[in-house]
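Asker: Using the sequences and the hints given, assemble the complete structure.
Protein chains in written order, with the working numbering: chain A, 1 to 475; chain B, 1 to 475.
Hints in this document: simulated from the structure, not taken from any laboratory.
One should not assume that every hint holds.
Identical copies go unnamed one by one, so any copy, or any two together, can satisfy a pair.
[Said to hold, decoys possible] In silico lysine to aspartate or glutamate, EDC-like type, Cα no more than 16 Å apart, as pairs:
#: 1; residue 1: 462; residue 2: 20
#: 2; residue 1: 332; residue 2: 9
#: 3; residue 1: 144; residue 2: 324
#: 4; residue 1: 366; residue 2: 80
#: 5; residue 1: 126; residue 2: 324
#: 6; residue 1: 32; residue 2: 101
#: 7; residue 1: 462; residue 2: 425
#: 8; residue 1: 462; residue 2: 426
#: 9; residue 1: 332; residue 2: 26
#: 10; residue 1: 126; residue 2: 326
#: 11; residue 1: 77; residue 2: 232
#: 12; residue 1: 126; residue 2: 327
Please read all numbers here as calculations on a predicted model, not as lab measurements.
Number of protein chains: 2
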Amino acid sequence: MAELPDKAEHFIDWYLEAVEVAGLTDKRYPVKGMNVWTPYGFQARRLLDGLMIRGIEASGSQAVEFPTLIPQTEFQKEKEHVKGFDAEVYWVTRGGATELDIPLVLRPTSETAMYPIFSIWIRSHKDLPLNVYQIVNTFRYETKMTRPFLRIREIHFFEEHTCQATDEAAAARCRSNLVTFQGIADALGLPFVANRRPEWDKFPGAYYSIALDLPVGGARTLQLGTIHHYRENFSRPYEIRYEDLSGEVKYVHQTTFGLSERLVGATVAFHGDRRGVVFPTSIAPFQVVIVPIISQTLGPVALDAARALAERLRARGVRVRVDDSEDRPGAKYYLWESRGVPLRIEIGPREAAAGTVTAVSRLGEKKSLGPGPLDELILQALADFDKALSAQAHATFRKCFSVAYRLEELKNSTTVRLVSWCGTEECGHQIEQAIEGAVLGVPEGPLPIDPGAPAECIACGKTQDTRWALAGRPL
Amino acid sequence: MAELPDKAEHFIDWYLEAVEVAGLTDKRYPVKGMNVWTPYGFQARRLLDGLMIRGIEASGSQAVEFPTLIPQTEFQKEKEHVKGFDAEVYWVTRGGATELDIPLVLRPTSETAMYPIFSIWIRSHKDLPLNVYQIVNTFRYETKMTRPFLRIREIHFFEEHTCQATDEAAAARCRSNLVTFQGIADALGLPFVANRRPEWDKFPGAYYSIALDLPVGGARTLQLGTIHHYRENFSRPYEIRYEDLSGEVKYVHQTTFGLSERLVGATVAFHGDRRGVVFPTSIAPFQVVIVPIISQTLGPVALDAARALAERLRARGVRVRVDDSEDRPGAKYYLWESRGVPLRIEIGPREAAAGTVTAVSRLGEKKSLGPGPLDELILQALADFDKALSAQAHATFRKCFSVAYRLEELKNSTTVRLVSWCGTEECGHQIEQAIEGAVLGVPEGPLPIDPGAPAECIACGKTQDTRWALAGRPL
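Answerer: Written out as structure tokens, the structure reads:
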């Protein structure tokens, strides 16, 4: 029951151990970077999938599923894209004992699987917009150190692909995706910044890329997802064209929106503490754990009360677990805290008789509930927990940023930095060298903290056309 | 708007065209046997997944997900199993430009992915039973002609894997799986026979295999799924052991239960007719389509009524679509019939004024509903449709079987045949030669028709220990 490593000092060690003690994944599968989703981890993932599905379908997207394997010939049609992925794809070269004529790629992402079919589906302006998404696994032959949920070789992936009639419609879809993501992030209690990535760091083949970044302590950031505007960069090589109202044949403008199991990792990384994982109720496999305090002398009254309460809560749609194992209460508290359950309900024999319970939130708030309608009071406590978690997260978030005015200040940054930047690649690279990280880009919408008007470029000192950019160290 | 090919005469042509006109899948993906799930087909599949998930979780199974790729070394541990799959697996041999030291197999099924981990998870009798399932895609390098949903190279697959303390507990899990499947089949309106496969046709590595077979016209059958008892055949090579109450270390007994997207194909194949697909309401992407009859003179009253009715139905949980396109009503009727929508609601301007509608079920029953609570009446009509579909299916099912008393009768069988069989492999092969198909096995539970007591073996004439077996031509 030792505490985890210090999160601020030893973030990666802390993260790995938090994931481990929560039992979200099993890393002992005999292929590096390909982990097993345990029943507990899978539940969180399924709930996350539900958030993504409801969010994207509300914005008018339909689910599809394209094959996992992509012929080499299709994969190589868009040149920038191939260059970006060539070194990190898995190749299927044999079927049974037969060498395949055309090797197949395990999809690293599905542009090259989908777009040949889009070119058949789309004929006329009546076929637009085409908004489809899929939730599938993707594969990357990752050569760096792997980390559960964050850097892996088989990735549970959400990808929307859309075709729009015009550049403006595609830009509007990107903005709509940002609104959808805001809803998902809110449900997870996660603040974020949407950064327009610099030219040299955009997605291979994109016209522009907006990345959704989360600070996770120090200057470290985690990319939670991306929204890309492709313009005609893929529709030209894949010949996705439509006839407009006047009969003219045009190329579609495309967008994509990608999220992944990283959101599970981000939730762990951002909300977790010395005792382990903290789940928001939206994706908590159990929202409530009830621990009856069994008494030899007073009989099973607490256990009966626990089970009856659990049934009432289930009828209200609450995911609840009664821990009636033979372990000591202290061991149970530790277990369910490390696994991130938002609310623990303790019932002793006297409480059972009085119709009260003790509620302890995962943020440490303890209070007595009842007598009265316990299911109502617990629903309220869950809502309060989410509000408190979100408030705590936003307070932490604001402390994750500070302004840097000179390149030398960037060296040992203990926060993500706001820097005034002229926008050139040359100055960008100077900033990246100084912080030993990356220019995350220029935020879309409000800045995470208010630094006033941008001043001279931190690298070249120019004052014209400068803007605030974020610099940090992506994990 | 031509009718489809005759189902009885040209079953495969009919099936392919029914799938095609319904738009359930797109076969134009540039890898043979790997098809695209369109939005419409994906909806049916998602609803089917829901049936499987609710069924198996009600029987105490938990969702997990194991990696797609299996190292060659693990894959080859159980000898019969490897022999069964060696010729039909895809091999990943390269990552980026690197030849992999140990090639990886794309899972054809997950025994060899899961069981090394089960051997870590299971230590004591307290860890049993272990009942877990996953819904994932599996891969087979199919060399025969492929068919959508029926014989493909990337398969949407449901697989439960369990570990039990004893042989009897494993047999009981198999029976429980059969009950679960009965629930799924009932929801699809599909009758079936559970056949204990003959020794020479069981799953590679199984102790016994129970296959769930559906007759689909003539002597043809479709295997809908399987339930296997493995005994210790995998737990020995994978060393999955537990300590029992007395401290003795034993091997677990294992079972599996497999279903797949074939259930979508089976639903099409069994219920479909000259006009196309017929979906039961359980997996119909749209349960109701409303066709307003737009009138130039009477204005949009029918369209308004259609939309209002759709909203009321949605509030009751009905999946409903209003077809307000500019096509002629006849074209709309044809479209939604071919796509299998259980109930069509037509609303003309006069009906809209009178608060009535015309309801036409996909089985051809036409009646006027209302005035009155139309949502209630439509819910009732949907329930009636399912009942009628199931009754029709069971009547058809009984006609799919007949008894054969002599081998010569098997040659041009126009039904699946019940034959009295001594149980030997030699006689089994004679039966298979005669019917130009397979001995499906001995049914578990009641026979599909009542042929009286088994007589002498159809092949050798022995009368001792004979039993009724089914023989047919598996697709």
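Asker: Hints the structure violates: just list their numbers, smallest first.
Answerer: Checked against the structure, the hints that fail are numbers 1, 2, 3, 4, 9, while the rest are satisfied.
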